[in-house]
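Number of protein chains: 2
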Amino acid sequence: MKTVVHDKKNEITISSRFSIGEGHTPLIPSRFIGPSMGLKNLYFKLENLNPTGSYKDRFAAAFIGTLLQKKVPFCLATSSGNTGAALAAYCAAANIPCYVVVVDNAPADKIRQMHAYGAKTLMVGGFGINTGITNAVFSGLEQLAKAKEVSLPISAYRYCPEGMQGVESIAEEVLRDLNREVDHLFSPAGGGGLTLAVANGVLSSVTPTSCRVHCVQPLGNNTIAGALRNGLANAVEVPRSTTTVSGLQVPGILDGNETLQRCRQTGGTGFVVTDEAVYNMQTTLARKEGIFCEAAAAVSVSGLAEAVQNSEVEPDDTIVCLITGSGFKDMNSPARNTGTKSIETKYSVDNLFQFLATI
Amino acid sequence: MKTVVHDKKNEITISSRFSIGEGHTPLIPSRFIGPSMGLKNLYFKLENLNPTGSYKDRFAAAFIGTLLQKKVPFCLATSSGNTGAALAAYCAAANIPCYVVVVDNAPADKIRQMHAYGAKTLMVGGFGINTGITNAVFSGLEQLAKAKEVSLPISAYRYCPEGMQGVESIAEEVLRDLNREVDHLFSPAGGGGLTLAVANGVLSSVTPTSCRVHCVQPLGNNTIAGALRNGLANAVEVPRSTTTVSGLQVPGILDGNETLQRCRQTGGTGFVVTDEAVYNMQTTLARKEGIFCEAAAAVSVSGLAEAVQNSEVEPDDTIVCLITGSGFKDMNSPARNTGTKSIETKYSVDNLFQFLATI
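Residue numbers (the working numbering), protein chains in the order written: chain A, 1 to 359; chain B, 1 to 359.
In case anyone wonders, no lab produced these hints; they're calculated from the structure.
Be a bit skeptical, because a hint or two may be false.
Remember, identical chains collapse to one label, so a pair may be satisfied in a single copy or spanning two.
Stated by the list, open to error - Here are the simulated BS3-like pairs of lysine-lysine, each with C-alpha atoms no more than 30 Å apart in a straight line:
no., residue 1, residue 2
1, Lys148, Lys70
2, Lys40, Lys146
3, Lys120, Lys288
4, Lys120, Lys346
5, Lys71, Lys148
6, Lys71, Lys288
7, Lys40, Lys71
8, Lys70, Lys120
9, Lys148, Lys346
10, Lys146, Lys288
11, Lys70, Lys288
Make the full structure from the sequences, and use the hints.
Structure representation (structure tokens):
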């Protein structure tokens, strides 16, 4: 059976990958943030509109495709967030049981999404909190994966290059949609995998492009961005990730060194942003652009704001910011800035029309 | 500035409508449900992957486009669900204040999404519960809209044809993606607007198609489907909508008569399904297809199941079911069938690997 994905012409696209509709996400022009920064050509790549609500669907599609090829009869993962939800969905479609080892006290909403797809979640007391327990879980899982001759589907080249290759298509789509005339591409980074995938995609582009890939990190997990900016050869470990931005709290540098090197090859640099700036930008994206994204997605746009302040982009430059995940993933975070209390206020009919007479 | 939407070719699509990335949603083949019913060519149209998580974004894009043309300085709506979220997002992008009058005790999550986009919600005590209050609110709003020379953005042709025209593009996309060779298209219906839009889209298709548009309703709101099936000339009012499927609990028949007539013109008929069948199908879609949708979306597929049972479709027919909204909209509903209790179970490291040794 054919897989038809977002085809705008009178023809069928036949895809051999294992797809449930990921990729080919919209690229939309900024209406407020770009103009308010004096930028004429700012675009957002809406990865939040992937099937499970994040770019991780590209990873899961590629990874589950390889599992099916190798006839591995199950998927074993660790995640409390977007990767787990993506794997759960693709496993459901592939009819493969999915086991996700989740951190202690992982958010119930994210676990609920995995359960909806029928995944089995295994919460381990102390996992993600206690270093000894965390290391024991990871090393046990790595051994198990090795014994079964599979990769652990952690979304980093270091663990799972076959999955990360699926993510490189983001760059291809952006370059294609803008006729390769992209000057800057801003990507959020935790362990760097996404940014590295995008830089790889840009550097392997068949036709030349001068697209610079910039790496943006929260101050509390500044392993790559600062080092890239300051001309260091390698990423720098931080003793403890202190950012509160869900999804970017990553232990260790993971793909950090390669990310730094490949971004530099594109001419890109690093930007470091505060969590506060990120949450404010998340609110602005929803209220001024109509883009309901998770906080991690607002990191790229916060990096752009830094670049504008430093005059590192020109008003006429064509700029793309990656919106990595949906606001639905993270309902508590948008609520930081919204008056959810007003849910409780009830109007009478008279009061309603008194109010509406004033608008 | 250009709006680039899902373009798979090396060219730019310039759109004049007010877009934040709606439409051009994926059409994916069924892997489990179709084969398990003996069907070779079943597809799902993933309207849940629109920017705010439902097909209502097509409505909002068209409606807000007309508001902008008419220079109306605000948007006034009633909705406790998908329409409100869609309007809130498009108003945010258009920089128009959005006021949504919501029913008493509307779900907090849906209101939270509207707030995230900066909409002002106005909950009226008794609205949607007490008939007198409900009628008073509607007639007051209709007067207000008339005085301001705007339509009320209720997603029905009866109230807002300019918005509903935006929804007709679903049919165009499906026909284009499948080279017009579609035999059956199943659509869920509350007041019928979506089904009517799809039938209109099919009937106004420039090249001929034999696509039959079928109307599926829950038993508790069988205003159109039964009448269509039984050859009646008009929709039939039910004393009280008793379905629990959110979004399909509609007072009155709204677009019912026109929906019935236009479906019949396409050669389509009606199917009536139980809420229980719908919730089971919602679970199957998530667990077997990797499609996380709201219950209303599973109504179309439940209708298809009826058609298969009645031998009203052939194994080789090309069939499309509309998946109208996201599971994120309705987190409580998927949870009906998932073991959310297991969130609480915590494993020790030893127990984890004892368990994993068995997979």
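Hints not upheld, ascending by number: Violated hint (a single one): 2; every other hint is consistent with the structure.
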